[in-house]
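Make the full structure from the sequences, and use the hints.
Residue numbers (full-length UniProt numbering), protein chains in the order written: chain A, 1 to 375; chain B, 1 to 375; chain C, 1 to 375; chain D, 1 to 375.
Since the hints were made in silico from the structure, they are not lab data.
Any given hint might turn out to be false.
The list makes no distinction among identical chains, and a pair is therefore deemed to hold if it is satisfied within one copy or across any two copies.
Claimed, not checked - Here are the simulated lysine-lysine pairs, BS3-like style, with alpha carbons at most 27 Å apart:
1) Lys281 with Lys327
2) Lys296 with Lys333
3) Lys281 with Lys333
4) Lys154 with Lys370
5) Lys359 with Lys132
6) Lys154 with Lys45
7) Lys218 with Lys2
8) Lys359 with Lys154
9) Lys219 with Lys2
10) Lys370 with Lys359
11) Lys136 with Lys299
12) Lys281 with Lys332
13) Lys281 with Lys328
14) Lys132 with Lys370
15) Lys154 with Lys363
16) Lys19 with Lys154
Each chain, letter by letter, is given below.
There are 4 protein chains.
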Amino acid sequence: MKENERLKTYKLSEIDNLKVHGRTTGRLSPLTLFWTGSAVELNAKGSELWVEVEVDYDIYEPWISIVIDSVAVSRQMLTSGRYWVCVFRGMNENTTKNVRIVKDVQAMNGDPGCSMQIHAVKFDGKFLPIQKRSYKIEFIGDSITSGEGAIGAKAEEDWIPMWFSAINNYGTMTAEALNAEYRIISQSGWGVLTSWDNNPHGNIPEYYDKVCGLLTGKKNEALGAFKENDFASWQPDIVVVNLGTNDCGAFTSPEWKDETTGENHKQRMNEDGTYNEDDLKAFENAIQSFLIKLRKYNKNAHIIWVYGMLGVSIMPSIYRAVDAYMKKIGDKKVSVFQLPNTTDETIGARSHPGVLAHKKAAKELTGYIKEILAN
Amino acid sequence: MKENERLKTYKLSEIDNLKVHGRTTGRLSPLTLFWTGSAVELNAKGSELWVEVEVDYDIYEPWISIVIDSVAVSRQMLTSGRYWVCVFRGMNENTTKNVRIVKDVQAMNGDPGCSMQIHAVKFDGKFLPIQKRSYKIEFIGDSITSGEGAIGAKAEEDWIPMWFSAINNYGTMTAEALNAEYRIISQSGWGVLTSWDNNPHGNIPEYYDKVCGLLTGKKNEALGAFKENDFASWQPDIVVVNLGTNDCGAFTSPEWKDETTGENHKQRMNEDGTYNEDDLKAFENAIQSFLIKLRKYNKNAHIIWVYGMLGVSIMPSIYRAVDAYMKKIGDKKVSVFQLPNTTDETIGARSHPGVLAHKKAAKELTGYIKEILAN
Amino acid sequence: MKENERLKTYKLSEIDNLKVHGRTTGRLSPLTLFWTGSAVELNAKGSELWVEVEVDYDIYEPWISIVIDSVAVSRQMLTSGRYWVCVFRGMNENTTKNVRIVKDVQAMNGDPGCSMQIHAVKFDGKFLPIQKRSYKIEFIGDSITSGEGAIGAKAEEDWIPMWFSAINNYGTMTAEALNAEYRIISQSGWGVLTSWDNNPHGNIPEYYDKVCGLLTGKKNEALGAFKENDFASWQPDIVVVNLGTNDCGAFTSPEWKDETTGENHKQRMNEDGTYNEDDLKAFENAIQSFLIKLRKYNKNAHIIWVYGMLGVSIMPSIYRAVDAYMKKIGDKKVSVFQLPNTTDETIGARSHPGVLAHKKAAKELTGYIKEILAN
Amino acid sequence: MKENERLKTYKLSEIDNLKVHGRTTGRLSPLTLFWTGSAVELNAKGSELWVEVEVDYDIYEPWISIVIDSVAVSRQMLTSGRYWVCVFRGMNENTTKNVRIVKDVQAMNGDPGCSMQIHAVKFDGKFLPIQKRSYKIEFIGDSITSGEGAIGAKAEEDWIPMWFSAINNYGTMTAEALNAEYRIISQSGWGVLTSWDNNPHGNIPEYYDKVCGLLTGKKNEALGAFKENDFASWQPDIVVVNLGTNDCGAFTSPEWKDETTGENHKQRMNEDGTYNEDDLKAFENAIQSFLIKLRKYNKNAHIIWVYGMLGVSIMPSIYRAVDAYMKKIGDKKVSVFQLPNTTDETIGARSHPGVLAHKKAAKELTGYIKEILAN
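Below you can see the structure in the form of structure tokens.
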């Protein structure tokens, strides 16, 4: 191989026209990417580009997708270590390539050792300004929003990063269709009140205020994951909340035992197959509280609670809760929208929505958001 | 990161149930993959699998796609060096994963330094037998069959490996639909008589007899690329030849000058916009000669000459040539089939068929081959 | 023309295996078809079949579609008079054709002179038993459920029967997909509380008890349209109510003046663009009352309130009302389901859902009903 | 019913802006429509329109489709007699409706008694000029081009007019996509040399010169069907010939015995399953002769021989014949184009291409013709 001797190394902090996507601490030396769909974006006029990553994990390795001119051309596992990844080479040095290096797996609550960082790039050209997108959208959700099962064969059952996708993802697709910047805040198995297995700590709202509060461990603390998020720096036009599927699942899952307190938690079903009213109420209160918190941090956003990609069982509760919140607070910029259900034709790996289900959901959601943005 | 201490390293030659796809020399220490779509396949019952590659190039780097249970889940550039690539990790050790590591770029006539080899795998489980496919198909072609432009944005114009795909490829799709093993013999820009720029050496037939005769240089010689191919070891049921598009282009391209002999070559057009009869005849003779060679090596295969994904201008010549061959030789197992043209909706990068064009072509071709196989 | 001398005339009442679809009075001499989608069905083993219709109207003429073996092969306007329509001729007398003569236009509240009757058939064969469908479904709705605009060019603006379709209709499509018998109760422009123009008489619930209570005039009275409907004779498994779109429209339409009482009616909007709470409440009360009525007549049906094919503005009210009803009555067999919105791609004539929008809605609704029927 | 007293009756010959489609004798008192897809077209500014037809037949009745603003809104059988058919009523008298009354069934060689005529219209408005289409296309073919099986259930097997469609027809669809006027010359079961059952009279070329030469009997003679066609009055830009499918079928059908001469005709197969060379040659000669005739009458048209919607078995012969013709005559404006095959997904009634097969064929053919028209 002939070395390209014109390559120069730049720390991220040295790059003028760097765009970082997703919630981060603001640090660039190095940059830690926490959430799925978070990314660095560059408009690279040059022939060859590399990026230096540093990766570690105990269990779940990160993956990245490389998106060139809006097309995902590479997807790879990042094994542990600090090393260079080539983004492109041999290209016309006079054309500008829009490049996004996208974290393709969710933040991993279950692996305190998991981290993905970017130190630097090597390049032989110039970084040009990046065009501003028309809107900002935040997506908040569970495995569906993490793109779990959106890649891989239907038969796959392992819970591993390989089957997660930030690309085959209704959030990314919707943002793309609306020419919007976006952020994803999501955790597989979690809900607005509890996780699918009745763990009351498996809820997104509790950790929403921090940069990536649902992570765990000293390392993530050191990386700044538990710092207050700087909401002022990125105010979305739209917040999409896709939570409830796991809260619904909790009703039919065994109770969860808190090993430290000895307490049990369980969303109960009545004998006639209906949901226990008190537990339903707790779920609805959690929605209301989360909406209050979302509004606190996102002053002008229209908040859309979406639901339905894996069934609509608990939709009445969602409507009731949103209704109650709106009346109580007098907040009119909130609404509920049902997404299309996943079918035999559209299902993916791990009994989750496949890429076709994500495409369909994105199409309907895009239409709905367009109407809101038009008003 | 915790090391998986149960991983054992196996040379390819030590693996019982290894399946190699694509024309190779037969050597496994290491295995050289020459052609796009060539691959190693394993049925891996275990939790973690790595593959050791050795890669070099002067200009054009190889890429691979990793296909798990028939779904492409990873695609990455292989930069130069000898190193390990992780195929999967953290999976259920009791389930069997069908894995294919596929070379995603064509053999590179233009880069004598380009090579891709596989030395070994690391694994913590057992390799199980691989189910035999129902048929064997060989695809012979040019950039279309190399999947050039089948990935990447429409705007892309660089001639680089990134835009080539063995996955978004009508050959692979057709083979998959027919549950067939397959091989691809292809070179971008080449024809059956000359390349698009009138170079008389840019033709596939001249090099068909060798393992990968269109490569160049000492290194490839050492790797065995110029050895006689062992046709007896792999006799296809179907041979698909998709050549003619560049031969047609030669008529409207400038003449090619042989720098060593000083001779010029040019497929000529008449003043009235028709093709010169003599040059057309040369093209038709080249088809006939190639059919004779194909039949020599593939005794029982049905040979299908396909054409049309980038226009049908020269189809009458193809029909004439195939007709003449069949009559002369009395060979009945040859036919011509028109593939659907690429449209504004289905075009990909570099003005080549995009993934939708490949899907459409694969669907029509699959239907046609099914009828042949049924007789 | 050679007369088919083997044709015999049968009054409908003389036919053993006659199946009448849609609400009727039970009279067969003649049979009056009131609602869109109502039909006579025959399994006709013979070569030639005619049907004798009698039709009249002041303004809006009826149309029929002829469905042979589940495919709509003919659609025609029925002009006034009593005459024979040929259904088929020249067919193999030994095969059995499933035939449906379907009224293709809604009952016409605005035309007291409109009527469509069937007196008799002429046939040269035998009528065989008709296979029982798996389920019964009733669809209740407005113009959407009447299939207004589901046929015709996008530019069409006339309010005429030609643009109404019982075939390009999500109700018919859903029933077909579920192998269900079905009835449609619908009126363009009407709602659950008022019509789109605030007319408080333009509501379906008021007339639900009668055979076809929303018709007007002496003639319809004589035809039995205002008789109590015999609910016991046809108990649906599913009742789909698609009302609310016109109630929503009333908020943005001028007030309606009752010329007899001098009273005005108007669903009001607040100055801030929200709906007036009292008027919203009236709408929700209307939903609750209708649900009570529906349950009275349909003891075991699962009732699905669907909404969304022309926007979802008033969905929160629908959820609130259904919720309140369910709690008050303790009725668990009621639910709400959002149908996909109509888009630029799927719109039909008169700014109404086109056939593609109906297909999409039917697909989603079918999936949802399947889940209900599976429980 | 209230009579519309403003209706006035116009003989066709009295209408200024009448457009007649399809080959006719030029007579308008009355107008006889012979071929499928032939039509009268009007731009009708008024509220109500009727058309007076006169119809007769011994076996096969005519059908019409009514197309309003390019959408087929009605399709009906025309039983024998002279009577009025209402095209539309109750429409806005100030808007202009583009109306086509289209003969929906092929000319019937097998029924000398079959005829369809239009005498007059009743209208209450004005007929406005009809916009000229960009091109003229003639389609020549067999059952495929007659749209046999393009409507109706897959199970249908009767050979009756009901299953023929000029609307679900690749010819009509292609013309519409290209904004072209078009004519269809077609007969189910016929070929360029013989019909599917080896009848040497079942060939289109023999009758091409006449207005509708393939009809039979005194009545058709009186109607002018056997008059020389006035080719000068309508010179197409494109002639599409879709013949060969039945010629191919003849090879596998029993011989045909001429009852008058006692002679037998049979396209023979060799024992090895190939086509007899002499008979193939006869087929190819027939193609060449027809091309000569087509060129005689259509001086400037590009002639496209299409084939493939029901298999491609005989394509090499077609290419050979067209090739030979082009060389012999020096005619460059002729080409061959393969249409996509019909599949299980796209098949219609009577084992013929269904509407989806016609749509697919039209899409490919449209793309091909666009390229020709662009040169």
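Could you place lysine 132 and lysine 370 in one of the four classes (within, between, both, neither) given a Cα distance threshold of 27 Å? within (18 Å within a copy, 39 Å between copies)
Homo-oligomer pair classification [lysine 332, lysine 281; C-alpha up to 27 Å]: Result: close both inside a copy and across copies, 22 Å intra and 18 Å inter.
Check lysine 154 against lysine 370 for me: Cα-Cα at most 27 Å, and say if that holds within a copy, between copies, both or neither. between (33 Å within a copy, 22 Å between copies)
Between copies, within a copy, both or neither: which fits lysine 19 and lysine 154 at Cα up to 27 Å? between (36 Å within a copy, 24 Å between copies)
Can you tell me if lysine 281 and lysine 333 fall within 27 Å by alpha carbon in one copy, between copies, both or neither? both (23 Å within a copy, 21 Å between copies)
With identical chains treated as interchangeable, where does the CA-CA distance between lysine 296 and lysine 333 reach 27 Å or less: within a copy, between copies, both, or neither? within (13 Å within a copy, 38 Å between copies)
For the identical chains here, do lysine 359 and lysine 154 meet the 27 Å Cα criterion within one copy, between copies, both, or neither? Cα proximity of lysine 359 and lysine 154: in one copy and across copies (17 Å, 21 Å).
Could you place lysine 218 and lysine 2 in one of the four classes (within, between, both, neither) given a Cα distance threshold of 27 Å? Result: close only across copies, 17 Å inter versus 43 Å intra.
Intra- versus inter-subunit Cα pairing at 27 Å for lysine 136 with lysine 299: Within. Shortest intra-copy distance 13 Å satisfies the 27 Å Cα cut-off; inter-copy 49 Å does not.
Can you tell me if lysine 154 and lysine 363 fall within 27 Å by alpha carbon in one copy, between copies, both or neither? Classified as both; 23 Å inside a copy, 22 Å across copies.
Using 27 Å as the alpha carbon limit, work out where lysine 370 and lysine 359 are close: within a copy, between copies, both or neither. Classified as both: same-chain Cα gap 16 Å, cross-chain 23 Å, threshold 27 Å.
When no copy is specified for lysine 281 and lysine 328, does a C-alpha distance of 27 Å or less occur within a copy, between copies, both, or neither? Close inside one copy (16 Å) and across copies (17 Å); limit 27 Å.
Of the hints listed earlier, there is not a single one the structure fails to meet.
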